[in-house]
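K.L.:
Protein sequence lines, in the order shown, are assigned to chains A and B.
The numbering used here applies: residue 1 is where the first sequence begins, and numbers increase by one.
The numbering used here applies: residue 1 is where the second sequence begins, and numbers increase by one.
Honestly, the hints are just simulated from the structure, not real lab data.
Computed from a predicted structure; not experimentally measured.
Quick reminder that beta carbons are idealized off the backbone N, C-alpha and C, glycines included.
Wrong hints could be hidden among the right ones.
[Unchecked claim] Just a few of them, taken from the derived set where beta-carbon distance is under 8 angstroms, the chain A residues facing chain B:
(1) Arg73
(2) Ser101
(3) Glu134
(4) Gly201
(5) Phe208
(6) Trp214
(7) Asn215
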Amino acid sequence: MKTARIILIYLAAALAAAVCGVLFGAAHIPLSEFIQDGALNPIVELRIVRTAAAAVVGASLAVSGLVFQAVLRNSLAEPYLLGVSGGAGLGAAGAILLGFSAWGFMSVPLFALLGAVTANLLVFAAVRRRTAEELLLGGVMIGTLASSLLMVLITFSHSRDMAGVVWWMLGSVQNVDPARQLAPAAVLLAAATIFLLFRAGDVDLLTFGPEYAWNHGVNARVMTVVLLALASLLAAVTVSMAGIIGFCRTSCAVCTAVPTGRY
Amino acid sequence: MKLTAEQLVYTHPGARGPLLNGVSLEIAPGRIAALLGRNGSGKSTLVRLLSGYLTPDSGSVTLDGRPVAEWSPAERVRRLAVVQQHVAVPLTDYTVRETVAMGLTGVSRLSGALSPEQSTRLERALELLDLTELSGRLCGTLSGGERQRVFTAAALVRSPGLLLLDEPTSAADPAVTRKIVSLLRRLAPEVGILVVTHDLQLALDCAGYVMLLHEGRIAAAGDPPDVLTPETLRPVYGCPFRRFDCGGRPVILPE
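If we strip away everything but chain A, and leave its shape as in the complex, we get (with noise of 0.2 angstroms):
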């Protein structure tokens, strides 16, 4: 009972930060301009969008930091853990400074969701037994290259470019397109959580060690790689839409784990 009350109680934060982040802004709309002319205020129109996709990146990141922290049992593990950041912001410092982004606007996201997608395939490539700690190991080596070969670029590029570049790893929801990246994340998240709520328990024993969840009817080394590539997956296309978001480390497993006792 005690962790339904506290999950109600973060969705309640959840939908009161949501209903702020439409009603709030630079521009000061009152209620009533909300509809005009019997359509939605073009701002409003905005705010909704980048409110929706900054919820999506938000409980993308959480869902991602939940199964790394579980699949990893750390607490400091979290979702660009296996590459995903680097070879993101490579490849939209690549799309940037090559010339890609005057290809069109999704251009700079598609490069990003590419260099995610890479580094993660040649992190899971890289190591031989595919075990946790051996996938840990693996995405530090290939994030750090990807970071270090990003700062290569960044020093032989235009001072324009650079600013182009160090923009969009601020992260930002400002262009979010909602037809072309929030719907499939969304959808994306949508199927993973189902996913995660399906194979809760199979997570539950990866917690107490992949043998032990062996002993009890998981294929751990299997289970291990399809949740991490599942969790990298949801990373690498929340950063191709908002850039790399910092993502708060004490994420909402633990939120919800240390009010309960849990932790």
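Given chain A, work out where chain B should sit, using these hints.
P.N.:
Just chain B now, with coordinates in the frame of chain A:
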């Protein structure tokens, strides 16, 4: 139901030579087998090979005549349960009841709701290990011996036909050890049991068959009173032993 290992050879990655070199054994209901050996002799590794968690370099492990790796995970754990020596401490804590319930198969993963039959099994497992009163406690607040009992209950809750226990009494006090011995004896007619232990007395008291693992092989095997003698134990452990008779009960101690 039968678990058979034949000519198992296993080398740890990076090791110079094999840790296990031609180990064969059989676990079947009706008998408690005990496996003894020095620290690092490969007892826990052998349990991991028997459970299918590790794959041998050569040799085979079969569960009811079928390679253990070919069973689906759910079918395998319904037949074969393992109680590990060390279990990682999870980041978030679970109650005793939740931890034992995780041992059940076929629980609705979404709601966590138990069927009446599963609830009966859960209560019985808690009762068998004297955990009913502790069932609401978080595992993180328990002692090592109590946690060991929780993991044993989580293995027994499925009513497996075969049970492998890696040092089940290493953190237990004498009263709990006695209780576990009596529980294993009660289970033995219907469950094939392998107990890995350093406790020579436990092997003498509860096992019907003893194996001594030494230098990668089963150095001696047979009836406990015949195998657990100062002559067979000295080359294995490298120290002298003495055997006494205590009111008709054999007692063996290192000198």
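K.L.:
Hints first: check each against the structure and report whether it holds.
P.N.:
To see whether the hints hold, each was checked on the structure:
no.	hint	result
1	Arg73	holds, 6 angstroms
2	Ser101	violated, 41 angstroms
3	Glu134	violated, 12 angstroms
4	Gly201	holds, 4 angstroms
5	Phe208	holds, 5 angstroms
6	Trp214	holds, 5 angstroms
7	Asn215	holds, 4 angstroms
Violated hints, listed in ascending order, are 2, 3; each of the other numbered hints is respected by the structure.
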